[in-house]
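Peer 1: Residue numbers (my numbering), protein chains in the order written: chain A, 1 to 110; chain B, 111 to 226.
Hint data in this document are derived by calculation from the structure and do not stem from the laboratory. Wrong hints could be hidden among the right ones.
What the hints assert, rightly or not - Derived contacts from chain B toward chain A, CB cut-off under 10 Å, selection only:
| hint | residue |
| --- | --- |
| 1 | Tyr-143 |
| 2 | Asn-167 |
| 3 | Glu-194 |
| 4 | Leu-200 |
| 5 | Arg-222 |
To be verified - In the EDC-like style, the derived pairs of lysine to aspartate or glutamate whose C-alpha atoms are separated by at most 20 Å in a straight line are:
| hint | chain 1 | residue 1 | chain 2 | residue 2 |
| --- | --- | --- | --- | --- |
| 6 | B | Lys-150 | A | Glu-14 |
| 7 | A | Lys-3 | B | Glu-134 |
| 8 | A | Lys-52 | B | Glu-154 |
| 9 | B | Lys-151 | A | Asp-82 |
| 10 | A | Lys-3 | B | Glu-194 |
What the hints assert, rightly or not - From the derived model, a few chain B residues whose C-beta atoms are all more than 10 Å from chain A:
| hint | residue |
| --- | --- |
| 11 | Asn-127 |
| 12 | Leu-198 |
| 13 | Asp-213 |
Glycine residues also receive a C-beta, built at the ideal position from the N, C-alpha and C atoms.
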Amino acid sequence: LAKTTQPISMDSYEGQEVNITCSHNNIATNDYITWYQQFPSQGPRFIIQGYKTKVTNEVASLFIPADRKSSTLSLPRVSLSDTAVYYCLVGDDSNYQLIWGAGTKLIIKP
Amino acid sequence: DTEVTQTPKHLVMGMTNKKSLKCEQHMGHRAMYWYKQKAKKPPELMFVYSYEKLSINESVPSRFSPECPNSSLLNLHLHALQPEDSALYLCASSQVRLAGVADTQYFGPGTRLTVL
Numbered sequence: 001l002a003k004t005t006q007p008i009s010m011d012s013y014e015g016q017e018v019n020i021t022c023s024h025n026n027i028a029t030n031d032y033i034t035w036y037q038q039f040p041s042q043g044p045r046f047i048i049q050g051y052k053t054k055v056t057n058e059v060a061s062l063f064i065p066a067d068r069k070s071s072t073l074s075l076p077r078v079s080l081s082d083t084a085v086y087y088c089l090v091g092d093d094s095n096y097q098l099i100w101g102a103g104t105k106l107i108i109k110p
Numbered sequence: 111d112t113e114v115t116q117t118p119k120h121l122v123m124g125m126t127n128k129k130s131l132k133c134e135q136h137m138g139h140r141a142m143y144w145y146k147q148k149a150k151k152p153p154e155l156m157f158v159y160s161y162e163k164l165s166i167n168e169s170v171p172s173r174f175s176p177e178c179p180n181s182s183l184l185n186l187h188l189h190a191l192q193p194e195d196s197a198l199y200l201c202a203s204s205q206v207r208l209a210g211v212a213d214t215q216y217f218g219p220g221t222r223l224t225v226l
């Protein structure tokens, strides 16, 4: 079965670049890797999605190595409002389940 | 319109009550999801509807009963809940639900449920 592993928490400072890595073995061959952001008492919000190599949008970049066994979410120049929990989500090729990471609590300090 | 709405925002119910949670989306999505989320945990998938048919039921107790009246609406009927069912209940939708593929999901704000 697929399993995802993320750091439980991370601290950084305003203006810094933050990288959060998710390890995911047995990811579905045709599945994308998706990252979500969640603030307290709100639903998760889509950040970015990718299949391989690098994807960039207006808020983040996603780096995926060739073996696709991990992915790294990169948040450029974070601000206090980026304090949230970040989840990676992948599909499992063996049982068609969706596998959520345990979440990384990111705290941005002034 | 990229919004998923959920009502009510908060719900307090006794163990003998019957209540319903409602979810609505107007993005033309054909897959809708119910999740349960406990504090400091990731969302836990409960049910998935694909083209208004229940496609996934993650061994959820029968005291939770989902219903998809049409492609825009999703209900979760609650009956005889236990205090441990207290959680944030999230609804989400996506364009499609392919087996094993995590399509981009759009989440509602959730219903905070407390069972006394």
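Peer 1: So, for every hint listed, does it hold in this structure?
Peer 2: Hint check results:
1. A least Cβ separation of about 9 Å between B/Tyr-143 and chain A falls short of the 10 Å threshold, and the interface hint therefore holds.
2. For the restraint placing B/Asn-167 at the interface with chain A, the shortest Cβ-Cβ distance is roughly 12 Å, beyond the 10 Å limit, so the hint is violated.
3. For B/Glu-194, the shortest C-beta to C-beta distance to chain A is roughly 19 Å, which exceeds 10 Å, and the interface hint is violated.
4. The interface hint given for B/Leu-200 holds, since its Cβ lies 5 Å from the closest Cβ of chain A, which is under the 10 Å cut-off.
5. The restraint placing B/Arg-222 at the interface with chain A holds, with a minimum CB-CB distance near 7 Å, inside the 10 Å limit.
6. Proposed proximity of B/Lys-150 and A/Glu-14 is contradicted: the alpha carbons are some 24 Å apart, above 20 Å.
7. For the proposed pair A/Lys-3 and B/Glu-134, the alpha carbon gap of about 31 Å is over 20 Å, so the pair is violated.
8. Under the criterion of a C-alpha separation no larger than 20 Å, the hint pairing A/Lys-52 with B/Glu-154 is inconsistent with the structure, at around 26 Å.
9. Distance restraint check for B/Lys-151 and A/Asp-82: the Cα-Cα separation of roughly 19 Å lies within the 20 Å cut-off, and the hinted pair is therefore satisfied.
10. Using a Cα cut-off of 20 Å, the hinted pair A/Lys-3 and B/Glu-194 is violated, with the two alpha carbons roughly 26 Å apart.
11. The Cβ of B/Asn-127 sits about 23 Å from the closest Cβ of chain A, beyond the 10 Å cut-off, so the non-interface label holds.
12. Not every CB of chain A lies more than 10 Å from the CB of B/Leu-198, the least distance being 7 Å, so the non-interface label is violated.
13. With 10 Å as the threshold on Cβ separation, the claim that B/Asp-213 sits away from chain A is violated: the shortest Cβ distance comes to roughly 8 Å.
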